[in-house]
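Asks: This is what each chain is made of:
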Amino acid sequence: MKAYSENYFQKTGMERPLAPRETRWREGWRLLKRNRLAFAGLVIFILFFLIALAGLFLTSGTKPVFDPAVVRLEEKLRPPLSNAKLEILSSDRVPRLGLYLFGTDELGRDVFSRMLQGAWVSLTVGFVAVGIAVLIGILLGGISGYYGQNAMRADQIFLGAVLLLSGGLVLMGITFFGVVLLCVGGVLLVFFQWVKKRASKGVETAWTRFLWMRAISIDTLIMRFVDIMLCFPSFFLILTVVALLPASIYNIMIVIGLTSWMGTTRFVRAEFLSLRDQDFVTAARALGVSNWRIIFRHMIPNAIAPVLVSATISIATAILTEAGLSFLGLGVPPPHATWGNILSDGKNFIFDAPWLTFIPGVAILIVVLSFNLFGEGLRDILNPRLRERS
Amino acid sequence: MMLSIQDLKVYFFSDGRVARALDGVSYEARKGETVCLVGESGCGKTVSVLTILRILPQPPGRIMGGKVLFNGQNLLDLNEEEMQKIRGRRIAMIFQEPMTSLNPVFTIEDQIEEAILVHEKVDIEEARQRCIQLLKDVGIPSPEERLRDYPHQLSGGQRQRVMIAMALACNPEIVIADEPTTALDVTIQAQILNLFRELKQKREMSLLYITHDLGVVANIADRVYVMYAGVIAEQGEVAHIFHHPRHPYTQGLLASLPNRVKRGKTLHSIPGTVPNPAYKPEGCPFHPRCPDVIGTCRVQFPEMCDYGGGHLSRCPVLYER
Numbered sequence: 124m125k126a127y128s129e130n131y132f133q134k135t136g137m138e139r140p141l142a143p144r145e146t147r148w149r150e151g152w153r154l155l156k157r158n159r160l161a162f163a164g165l166v167i168f169i170l171f172f173l174i175a176l177a178g179l180f181l182t183s184g185t186k187p188v189f190d191p192a193v194v195r196l197e198e199k200l201r202p203p204l205s206n207a208k209l210e211i212l213s214s215d216r217v218p219r220l221g222l223y224l225f226g227t228d229e230l231g232r233d234v235f236s237r238m239l240q241g242a243w244v245s246l247t248v249g250f251v252a253v254g255i256a257v258l259i260g261i262l263l264g265g266i267s268g269y270y271g272q273n274a275m276r277a278d279q280i281f282l283g284a285v286l287l288l289s290g291g292l293v294l295m296g297i298t299f300f301g302v303v304l305l306c307v308g309g310v311l312l313v314f315f316q317w318v319k320k321r322a323s324k325g326v327e328t329a330w331t332r333f334l335w336m337r338a339i340s341i342d343t344l345i346m347r348f349v350d351i352m353l354c355f356p357s358f359f360l361i362l363t364v365v366a367l368l369p370a371s372i373y374n375i376m377i378v379i380g381l382t383s384w385m386g387t388t389r390f391v392r393a394e395f396l397s398l399r400d401q402d403f404v405t406a407a408r409a410l411g412v413s414n415w416r417i418i419f420r421h422m423i424p425n426a427i428a429p430v431l432v433s434a435t436i437s438i439a440t441a442i443l444t445e446a447g448l449s450f451l452g453l454g455v456p457p458p459h460a461t462w463g464n465i466l467s468d469g470k471n472f473i474f475d476a477p478w479l480t481f482i483p484g485v486a487i488l489i490v491v492l493s494f495n496l497f498g499e500g501l502r503d504i505l506n507p508r509l510r511e512r513s
Numbered sequence: 292m293m294l295s296i297q298d299l300k301v302y303f304f305s306d307g308r309v310a311r312a313l314d315g316v317s318y319e320a321r322k323g324e325t326v327c328l329v330g331e332s333g334c335g336k337t338v339s340v341l342t343i344l345r346i347l348p349q350p351p352g353r354i355m356g357g358k359v360l361f362n363g364q365n366l367l368d369l370n371e372e373e374m375q376k377i378r379g380r381r382i383a384m385i386f387q388e389p390m391t392s393l394n395p396v397f398t399i400e401d402q403i404e405e406a407i408l409v410h411e412k413v414d415i416e417e418a419r420q421r422c423i424q425l426l427k428d429v430g431i432p433s434p435e436e437r438l439r440d441y442p443h444q445l446s447g448g449q450r451q452r453v454m455i456a457m458a459l460a461c462n463p464e465i466v467i468a469d470e471p472t473t474a475l476d477v478t479i480q481a482q483i484l485n486l487f488r489e490l491k492q493k494r495e496m497s498l499l500y501i502t503h504d505l506g507v508v509a510n511i512a513d514r515v516y517v518m519y520a521g522v523i524a525e526q527g528e529v530a531h532i533f534h535h536p537r538h539p540y541t542q543g544l545l546a547s548l549p550n551r552v553k554r555g556k557t558l559h560s561i562p563g564t565v566p567n568p569a570y571k572p573e574g575c576p577f578h579p580r581c582p583d584v585i586g587t588c589r590v591q592f593p594e595m596c597d598y599g600g601g602h603l604s605r606c607p608v609l610y611e612r
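Going line by line, the protein sequences match chains A and B. In the working numbering, each number is its position in the first sequence, counted from 1, plus 123. In the working numbering, each number is its position in the second sequence, counted from 1, plus 291.
Treat the hints as calculated values from the structure; they're not laboratory data.
Derived DEER-like restraints, expressed as beta-carbon distance ranges:
(1) B:N362 with A:I297: 55 to 63 Å
(2) B:L408 with A:F355: 42 to 50 Å
(3) B:N485 with A:M352: 56 to 64 Å
(4) A:L451 with B:M390: 54 to 62 Å
(5) A:L353 with B:P432: 50 to 58 Å
(6) B:P351 with A:R157: 40 to 48 Å
(7) B:H559 with A:A322: 52 to 60 Å
(8) B:E331 with A:A393: 28 to 36 Å
Glycine included, every Cβ here is placed at the ideal spot set by N, Cα and C.
Chain B extracted, bound-state conformation (with noise of 0.2 Å):
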């Protein structure tokens, strides 16, 4: 198992108050894999990842139990030295927003050197050299004429593909990219996700792919993961989850997909919104916008229900139907 968060806990606390950001979250990532999370804003795709990498801010976030497995490692358990050895070199992230994401006062070449040269002992020449290979793995047309650009030079695009050039710049076992197309249109998005794609087959690395976008899962995972208000709602093999959702949380996200059959209807929507983590209903986190919902679920926190083949979902309602 490359990586394995194992019930992992992670409030928020401000003013007084507890948000439960992360309540018991396990996943896992299989070496070459790619896994997608999937939810809502603010349902804890992002502090998950930063807490693998130990970036999250504390305070107000604290660590409340679990574990982060790393090939057997736990990266909870590391300090803060050995944690720098891992980050950018054997686990690599990707962040949403490619405009903000890169030093507007250094060259792009400054950059990726920076990523190869924190962590290998390499002559500037050589660096250099790797430093062209990567923009031309990502796709950057030209890199010769590209290396001495600034950030504000590059279109967006660009720029999350030298943020790709730099995650993969030491060749981690595992990248994290959390949104790396939300900011991009849309087809851009298509040719960043075809570079996903044909780097991972080239690299034999994992993908660990964070996502709001049900069209981006189908296109590049593996396994998904569906979360909601820090919990794991239902995971499966993609075809399974897709083809066969079992919790009423991913039936409404497929249902609310636009496609051709629903041509000229009213798009479905998932009524109510993302409970606030301070103020979590009792029982089941999405009792409330279930259209599903018995007794029990306002009172009783759901277990996951086997479905065979890797495939659990929190709903023992629709598992006893």
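For reference, chain A alone in the conformation it holds in the complex (with noise of 0.2 Å):
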């Protein structure tokens, strides 16, 4: 910005240029457009999302544009680019153009039709269980870092422990166990009040010690959670829960999300670790900022940046632990095509039809590598201090 002096604006009558106000998201856009390669990977992660909304339409339907289903024995394995032979296929079998784009499988199903159709499912199961996992890790890294040291009391670990497992049996279906449950912790939360009122007027039992024993902190606890749900071989207790709950995508993106937030906690809580003795966070409680606003506004932006590249590289992750459920029979079931099952299909005919393994191998590669450019440039746009090196 150049600098005029005072004289300057007397002289000429001018008003003084008031910095523009510009609002965050104005200033993000701003700078994302400066980044081509950010910006490159914003363009094309729209693409492919684009692409993947027309393909859900495209291949749906009594007569869809591109039949994914279609079974041609007699043209099975045939590589990208080549032309349909029309004169062994009925009329209605013909792909769209007369033209195998990516080839066609084992069964002679047409490849392009089938990456259309699994593009949605597979981009999604991407993206909504990378995303569970990420809110889960930040709250639970969040609170970690920030009130980790605080303690929790035995009172409130007990009743925290009954409401949960309450809470669980109503979901799992056992309803009568749970409601009585519930009654019991509603009558221990009496009872805690109680033994608490008396403990203020000087009454001090054994009891009154057991429970406000400062039993342990609110950090061990989430960590200890996390070194649990880390033990647990992740794909076998994906298996477990997908074998309990009916077979359908969006179980299976929110059972991915559930068992894969744990290595997003242990960022966020270190990098909340340090950031929470930073000088601008003491003054920023100072000012009279409330807690929360404190961990949204002020310390997740610069705790962001570890986060976003584990992130990007989890999609990756997701789609694949959604080819290997499949693959099992406990993921979309098999007429439907992801990715993923194109994928592990394809990998019987590696040397006879590499394209089979190639072609979801490079889409999936050109998702995450889309979605890392442009969370590269996210992370940039966060934090400005990142912005004089590029």
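Two chains, two frames, some hints: make the complex.
Replies: So this is what it looks like as structure tokens:
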């Protein structure tokens, strides 16, 4: 910004230029446009989502534009860009344009149509699952890092465990015991309040001392829970949950998300531990800013960089986890294609028909890469100190 | 009485040891007055003001007793929500390190406006105008162009000015400044001190200024509290303290100041170091370093001795002499 002297404005009678007010969104957009790689990432990413959305409509219905389900055994494992043999195919089985753009698989199904059909499921699995994981991770990691040193009293832990258990029972369909346990929780709450009241009058018994014992800190509680979750081989954990719940793609997204938040939690906790003692956090507290506002407005933008990096990688993992589940018959039911199951089906023919693994692999790569580039740009936008570098 | 701390005790508990950071400290700041807290590092100056605002990390710290009266109300009795309404709006604080006290990811406009918007319901345009006015008041040239700068684009002195602007955003009744010039070089330090004096006159606010620099004290203070190892050693008007120090510690501090008379001679220094707050000596905490020590100093905690005119000193030995 060019600096003019006071005199200049007095002489010319010009209004001093006021730095235009710019919302954070607009500023972010301006910076994004300047960062070409990140912008390209965003464009590719949006393009893929539009294609996926289009694919949703183009491959469904009774007479879809691209039919992924037509089996042509006489045309199996044709390479990409090969023309359909019109003389041996009946007219309703000819692919659109008479061309196998991405080749065909072992059953002679058009891979392009299958990729289109699978795009929406794969993208949403990737993003919804990672979105859930990141949300849980930021929340738990944030609480653990910020409130971590506060100890929980034995009565709070007890009450929390009872209420959680009763909630879980109700959700699992064991309503009777759930409600009974809920009532027990209510009675306990009243009992604890009574003990507390008596304690404030100075009556101290073994009970009060037990219940007021500072048992463990919130940090320990959350981080040990993370350790427990990490102990399970996560794939088998997913298998167990999927076996209990009705198999639908949304359940799978949620389950993958619920079993992959631990890494993010650790990242966020570590960042928060170092940020919590920074002067600007103390300064914000001294200004009367509330704890939640400090967490969300002051600390998360500073802690977001490693989270974004790990999230972009998790997207690929989530897409492939879904593929593994489909492979075992617990994911999306077989005739429906996803990028993951095209990939895992194709690996049997990797030498005869490399495109069957190559094409979905490249598609996943492009999505992850574009999101990664966008994520990097986002990180620069959120953290002005990093801007000077690029 | 604007702000009055009475017999405040704050202990730190760690590794099974108790560090008595504040051991019965009392001080007060009247309306429109500049009060300085002086003392070496680790004597409890910062702990005492963090306790006033109730932003002391707890644990390890714990308030063991005493009162923090702000306009007659004990701040230690308030809950967190009520405290949030006082922080920033009625009592504001400026920190030592301007380099790290601003959030690196927000523009200074965002941060000053936040200081306003947290406490007052004004629309964004008005907040912006106030923000510009505040930056003008703290002497930032062409504030309109600076608004969108990020903290890393400003110099240390400018950042400290922004911190001061944030502290003044809601017209607080008292501003606590915790060594605001320690991290700045001497010319900037003089500018900032002038700014404080100017602002205080204009706004009729009280200033509680923490420093270990006696030159700064002589420059701006009305009254001084000298702290040593978690207790007030001596208190009084700035002229009393500088011309008739009545505590061996204050005398030692003043003797350690360089001046023209002492040119060419070895500068005086107080022997020994500040005691570890976890292992304070018995009796008077200063006795291992004191030149005037007598037998009772080693066993009996000294009482405050009144010299009149608000000048008190915690040294009966010099009082009786």
